[in-house]
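Line by line, the protein sequences give chains V and A. Just so we're on the same page, my numbering is the position in the first sequence counted from 1, plus 264. Just so we're on the same page, my numbering is the position in the second sequence counted from 1, plus 764.
Quick caveat, the hints were computed from the structure, so don't treat them as lab data. Check each hint, because a few of them may be wrong.
[Stated by the list, open to error] Stretch by stretch, here's where chain A covers chain V in the computed footprint (C-beta under 8 Å, at least three residues):
#1 334 to 347
#2 534 to 544
#3 611 to 621
#4 900 to 908
#5 929 to 939
[Claimed, not checked] Keeping only pairs whose Cα atoms sit at most 30 Å apart, straight-line, the calculated BS3-like set for lysine-lysine is:
#6 V:K746 to V:K648
#7 A:K878 to V:K476
#8 A:K920 to V:K476
Cβ coordinates follow ideal geometry from the N, Cα and C atoms, glycine included.
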Amino acid sequence: MHTRQSTISRRNFIRLTGITGAGFMIGLSVAEGQGIEEVVNMSGVGESFGLTPFIIIEKSGAITIFNTKPEIGQGTFQSIPSLIAEELNLTLDMVTIKQTGGEKEFGPDQFVGGSSSVRTTYTKYRTVGAAAREMLVTAAAKMWEVPVAECTVENGKVHHLASERSAKFSELAEAASKLEVPKSPKLKDPKDFILLGKSIPRPDVPLKSSGKAVFGIDIDVPGMVYASVERCPVFGGRLVSFDDAATKKVKGVQQVISCERLFGKYRTEGVAVIADNYWAAVQGRKALKVKWDFQGKENFNSAGYAQQLRELAKTEGVVDKSIGDFDKAFAEAPNKVEAFYETPVVSHSPIEPMNCVAHWKEGNKVEIWTSTQVPGRIMGSFPKEFGIKEEDLKVNVLFNGGGFGRRLYPDYVHEAVYLSKKISKPVKLIWSREDDTQQGPFRPMTFSAMKGALGTDGKLTAFQHKVIAPSLNAARDDKYDKTKTDGTMTEGISEQAYRIPNMKNLYVWADIHIPICAWRAVTSTTLAFSHECFIDELAVKAKKDPMDFRINMLDAKSDTMRVLRKLREVSNWDKPLQKGWGRGVAQWEFFAGLAANVVEVSQNGEGVKIEKVYSVIDLGTVVNPDTVVGQVQGAVVMAITAAIKNGITFENGRTAQSNFHNNPALRINEVPPIEVFVLAEGGDKIKGVGEPGLPPLAPALCNAIFAATGKRIRTLPFNINKI
Amino acid sequence: MASITLNINNASHTIDVDPQMPLLWAIRDFVGLKGTKYGCGMSQCGACTVLLDGNPIRSCSYPVSAAAGKKIATIEGLSEKTDHPVQQAWIELQVPQCGYCQSGQIMSAVALLKKNPSPTDAQIDAAMQGNLCRCGTYPRIKTAIHRAAEIQKSQKA
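Chain V with its partners taken away, still in its complex shape:
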């Protein structure tokens, strides 16, 4: 495997306009070299023309479309280029797809998170493609002296049927690149789509079925050394000193140096073993003797912290949202329900552990090769952090071996750059699975104090969800304002479509010194559990069917109503199940989108077996239905893991788990059939794909367990074999 510095010189771009807000550019450019072949399959070096920075057309005929959205398994390697290609009537086998690396001209979209890739760029990138199409057509029409309206675009050519003339994009690109960029190009009629809305095979799948896909960990550069870093096992501890005498006796070890990690507001120090190969670095690290100052943090443990959260639950907290007069309505209500829910810390554990190759070159030029969700953030923050010029930083983004939110945080990239700077060599840093499991960042736990009141007619009159949890914003920034709610920690609880006359949702901040961060579907992954299980408790108290109870609180025209009606139908909700079985429902709407699940379980000895999951996801518009089905199934699998497997706990200031044997993830034999239904019925709002299937799983499962066994689960994780 070798790589060469890529790729397109952009110094020749001649004009910059802002019609799409994406940094829309047109002009002449010259391709100087190739990228990483296996990723981009880029062919041909020579004269080429840029129609916007997103499209490069070479004289040879080769067409490159740039993808701003790193592929982490969610399908952006197909979906995003398709938005551009669709408007040019190109299929993806006619183009080379190249991943951008945070370059300014590709705009602010160079990250993947929040299920935002398609929903925030759907029109923007179609507009980019449509503008290029109009420019190519205009160039052809001018050349042939025919009306633009008589020209059509197909198979990488512009055609004039009346005179039976056609010209390849590559023949038109130079003239097209000199034209004004159309301000509001006409977008295709969806009925003419050749890519969008269709289950087109993803171009990365053959690469990923043959070992040819290149992930960050697969990059080798000449002269590269390997690093493995020992970090303080106790969160918040400090490096005092280290003894590397034994380490240096390990064959292949070159040197041992301190290393800095920067995560959010935490700047910590570790010890890096630099070696000829990774195995030698790991062996050397085992022989290292490090003295840490634990700063008193060695007494921290999960049980004690949970007790702290339960105590904090007795405080009022700050108001997230208030409707009507909850206090009065609750005090006066004839039927009240109160419950307390608890959830765990969990790890992301993508199978590709954190890693990065960084090369600090002569003249303070830096090149990075890594799996990351945030090339834009790296480009935006590293030059300042390391005191280099932005134009001297090059970020190569490879396929991500899973992200799930973990790779939103480039702490491991910082480490690699730091080490390369210190030793003036290209460094490949690989976190071991143990590092990945034990060092965080983690999804934080949330505890929830729930209150609800029912009128004599069984209708919900007053509702309260009080969240007691650490703050993601406080983990990021010391200046976090504790007098206000942290919206990332109350995510979704005030956004459900239920019409409830009196509601007061609250947040109680709990301090923590352990690195925490977003996880797939963020805080909805725990809050949907408490929220939607509690709605179930209220339905039981009201003696109503849980589906009816929910539907009766919804506007007929709400998206949630549409989703639940579909779910009721496809899950056969109204057909009785066999004895010993139970079904549960839950829905969740939050910033990323909207989905609902029905889970069926059967009694199985002292526990239950998950028999079936039905999932309905509401998108408005869909780019690739087959990708959506896979994403929702994956979200369900991840949610089952988070509900029934160990999770992360802390003892003596350290993470108690270390690898997949004690921090397990769901295996193939534990996966139920998962049926996914995609609602794409139009509308202005496009919703996300990657995350929404996850939050409603745990509550639907626990509601099903209640239906089957009469046992109400209020704490995650739980043992599914012993309810």
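Chain V is fixed; fit chain A onto it per the hints.
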């Protein structure tokens, strides 16, 4: 250090390594075949699965010295054109998401179908339990193994 000769995908590679080094790192960093992945280092995730004399092993926990003289098969040796029945099925069913675990999944599936050309769901579960997929592609893996079995049969017919 020791000079060790490995037979990988019917090609011979002689490398000078610590004999205790796991086969995985020899394959990746000394022979340069990157399709086999590191995931856990303790036989828990299966991302490093290769075939040793036809049997699936976790190369992250297998000393390189013990692999000398045996036939090692990695994902790269499966086919020239990504058209092994298992690969065909993987593409047809669009199995991979992030794709990182899939080399290991595919090698385990290849070993299963060699021994059992028509596995049941339960037999697939048993054979594939050692391979984690954090993206949750399991439903498609199961369908794709059944499909690969069909393709394999039609090729033999």
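Cross-check of the supplied hints:
1. 334 to 347: holds (count 5)
2. 534 to 544: Three-residue rule met by the stretch 534 to 544 of chain V, so holds; n is 4.
3. 611 to 621: That given contact holds, which follows from 5 residues of the stretch 611 to 621 of chain V lying within Cβ reach (below 8 Å) of chain A.
4. 900 to 908: Satisfied; 3 residues make the cut.
5. 929 to 939: holds (count 8)
6. V:K746 to V:K648: holds (28 Å)
7. A:K878 to V:K476: holds (23 Å)
8. A:K920 to V:K476: holds (27 Å)
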